[in-house]
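Asks: Single-letter residue listing:
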Amino acid sequence: MYDSEETKQIRLERRSPFHWRVTFDLPPLNIFGPANMPQLNAIVAAIETDARLKVVVFDSAVEGFFLTHYDFLAKPEDSSSLPPGPTGLQQLPDLLVRLSRAPVVSITSIRGRATGVGSELALASDMRFASREKAILSQWEVGAALVPGGGPMARLPRLMGRGRALEVLLGADDIDGDLAERYGYVNRSFPDAELDAFVDALAERIASFDKKAIAETKRLVNVASLPADSEIAPEWDAFIASLARPAAQERIKLLMERGFHKPGDVETRLGYHVGQLGG
Amino acid sequence: MYDSEETKQIRLERRSPFHWRVTFDLPPLNIFGPANMPQLNAIVAAIETDARLKVVVFDSAVEGFFLTHYDFLAKPEDSSSLPPGPTGLQQLPDLLVRLSRAPVVSITSIRGRATGVGSELALASDMRFASREKAILSQWEVGAALVPGGGPMARLPRLMGRGRALEVLLGADDIDGDLAERYGYVNRSFPDAELDAFVDALAERIASFDKKAIAETKRLVNVASLPADSEIAPEWDAFIASLARPAAQERIKLLMERGFHKPGDVETRLGYHVGQLGG
Amino acid sequence: MYDSEETKQIRLERRSPFHWRVTFDLPPLNIFGPANMPQLNAIVAAIETDARLKVVVFDSAVEGFFLTHYDFLAKPEDSSSLPPGPTGLQQLPDLLVRLSRAPVVSITSIRGRATGVGSELALASDMRFASREKAILSQWEVGAALVPGGGPMARLPRLMGRGRALEVLLGADDIDGDLAERYGYVNRSFPDAELDAFVDALAERIASFDKKAIAETKRLVNVASLPADSEIAPEWDAFIASLARPAAQERIKLLMERGFHKPGDVETRLGYHVGQLGG
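Residue numbers (this note's numbering), protein chains in the order written: chain L, 196 to 474; chain U, 196 to 474; chain B, 196 to 474.
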């Protein structure tokens, strides 16, 4: 059922005028690349401008993957040629900072891997809840000689402190739902069977509140907590530059030989595999 | 025993020249309003200027309530006509920032509800300890179409990170002692039977230390951790503005019909009730 | 075996060109003073400038002590006469900020007491892991009428929030491995039998990654998380000034009478003893 290009998409469901659901349905791995940027960008624009929307939940329809790493099969020029967004930032960081600032509450419900882009989207959203058994978060990039590009160096230390942020980023390993909660990588982890009920109830609750009170309160929290765009900007440039270096090309090639970008052990245990590429 | 206006007060007990206790005794609910502002202001002024005082503990004499929400039966002009304090901020944020900066250690011992103002006082104090079974913290205001006014948008993200702060503020729900500890809303929660002994021992310990070393160390921590007053100021203005809007008036009216400001289920489960007011 | 001055040292072991180990071997207590500054300074300079090094682990060879407090038997002028370091800061804060900024990952493996200087070194390093049973962290200085001098007022609130930082600094008590993890004082605590294997594996893993990706990622985290040197500078000055005051001289004298600077109960339960010196 997941084999047609046409069915691959980021789905937007309007549960009510106040409560939307965005579902990543890019089987088999929920890999995100330049081809998916326009669709996510359009969704963020709709979130930003809708007059009645109060809360949006991001989740996944793909077993095992919330949203995983960037698409390394895409041509590099497909990434580097994307025009900057309205903030002046490159497209991915642009749409992420716009989500953080939107006058709407964004909640990520993480089941499966949130690796790289998936982690970055979760970090840019307002709240993160995870399946204790099935969520895996990671910033794996340093393990492939890459610098992460979507804001985690600016956002992780503000959530969990410098020490744990450096462990996530420089250890580049898989973080399970339990450790993600202890580190503050997510708000809370729930037994998998309870996650959906919790997130649905919270979203419906917020959807019942007053939009202006939500938006003003969030705006004041943003003043106290969001990094400046100037702190986000260098990350994407560093990612693109790192991608062109021989060290990254060599490691990505080794990962490809192991089965990267195909269903299998590399994708489900990426943290383990980047630790096997040698010095 | 709690029915006379004359017995309602904020009591200041000097346990020693070095260690004071401030007890909220405003039965039956420890609601805080413009009428209580001068008394708390005088206490903060005494804390700021006493030459020997080293530590002050805030607690409650009212079963079930540490210090709860603002008094919505008070006339709005009683709040809006209060003169600004010495910092130039409005009275409530003014006395809270002065408490944070005072050369004295402030500890809140939370048993019962610390909702709205009670949470804001706790957040402005230097340390917070809670009864695991009996403490409830919340910023319930968004649930009534209000914007909180006493600094939590500036203070919560610095304590617990942006995601958990947004959940507290936009979920507007009751947070128990266990979750308050996991989120860093309080330093620690203790079994109710152990809370007083811990807080007393810590306060006595600090009272035995050197005032100058305490004051200098706290001052340097403040440099690293306190929000600027300019970040606090807009919160009170946003609260007063939100209070005048029809959405808040309607929700407060609905809460009143359910029993707000009277002993009973609305006051003891305010988080639940603001979730029942509809969209 | 630990009685010769010649064996007292800070040992540097090059496990590989990419992975070094620095071991505090200053028996019997791993007390750190002005005499040890040049050696640690030389090690930090080597860490900063080595072209191939990726990760350095700090640990201890002395049972019961990771690295403990400053040497109060040293002449005060030995501390105050040390020339400032390359950053313009005094020697101890200088070498600590240089460690934080070095393009190399620093990990502290804490077994035994990390009190005062030991805690400050741990806080300046990139990641901290502790023995659940055997680690004790503390900033005990306020208990002796001193102001800590090596950066903890700037660093602790950024790791654990203002409230818990003030409890550590103004409570001045011993913090065990379990509480250190709950507060974010360390990344994680492990059962003592598992600590070394975890730290070794993490260090070897990072040593297998690309140095440039490590260094760039850390540099971007630093932008988001390190205090400015101007925030660190006043702490050392405040420490030196506090050391000269009668209140500190009296308390250090009382501690000496109890056995400070000698193996025994004062050194192993310093938090308890500073609470017994009276008001």
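Bear in mind the hints are in silico, worked out from the structure with no lab data behind them.
Accuracy of the hints is not assured; some may be wrong.
What the hints assert, rightly or not - Keeping only pairs whose Cα atoms sit at most 27 Å apart, straight-line, the calculated DSS-like set for lysine-lysine is:
no., chain 1, residue 1, chain 2, residue 2
1, U, Lys448, L, Lys407
2, B, Lys270, U, Lys407
3, U, Lys270, U, Lys448
4, B, Lys407, L, Lys270
5, B, Lys407, L, Lys448
6, L, Lys407, L, Lys270
7, U, Lys270, L, Lys407
8, B, Lys270, B, Lys407
9, U, Lys407, B, Lys448
Claimed, not checked - Example chain B residues on the side facing chain U (calculated, C-beta under 10 Å, incomplete):
no., residue
10, Ser295
11, Ala339
12, Asp368
13, Ser437
Virtual Cβ for every residue (Gly too), placed ideally from N, Cα, C.
Asks: State for each hint whether it applies.
Replies: Consistency of the hints with the structure:
1. For the given pair, U:Lys448 sits about 18 Å from L:Lys407 by alpha-carbon distance, which is consistent with the 27 Å threshold.
2. For the hint pairing B:Lys270 with U:Lys407, the CA-to-CA distance comes to about 23 Å; that is within 27 Å, so the pair holds.
3. For the proposed pair U:Lys270 and U:Lys448, the alpha carbon gap of about 14 Å is at most 27 Å, so the pair holds.
4. Taking the CA atoms of B:Lys407 and L:Lys270, the gap is near 23 Å; set against the 27 Å cutoff, the hint holds.
5. Between B:Lys407 and L:Lys448, the direct Cα distance comes to roughly 18 Å. Compliance with the 27 Å bound is thereby established for this hinted pair.
6. For a cut-off of 27 Å, the pair hint linking L:Lys407 to L:Lys270 is broken: about 43 Å separates their Cα positions.
7. Between the alpha carbons of U:Lys270 and L:Lys407 the distance comes to roughly 23 Å, so the proposed pair stays at or under 27 Å and holds.
8. For the hint linking B:Lys270 to B:Lys407, the alpha-carbon distance of about 43 Å lies beyond 27 Å, and the restraint is violated.
9. Of the pairs offered as hints, the one joining U:Lys407 and B:Lys448 holds, with about 18 Å between alpha carbons and a cut-off of 27 Å not exceeded.
10. A least Cβ separation of about 15 Å between B:Ser295 and chain U goes past the 10 Å threshold, and the interface hint is therefore violated.
11. For the restraint placing B:Ala339 at the interface with chain U, the shortest Cβ-Cβ distance is roughly 8 Å, inside the 10 Å limit, so the hint holds.
12. Taking 10 Å as the C-beta contact cut-off toward chain U, the hint placing B:Asp368 at the interface holds, the least distance being around 7 Å.
13. Residue-level restraint check for B:Ser437 holds (minimum Cβ-Cβ distance to chain U is 6 Å; threshold 10 Å).
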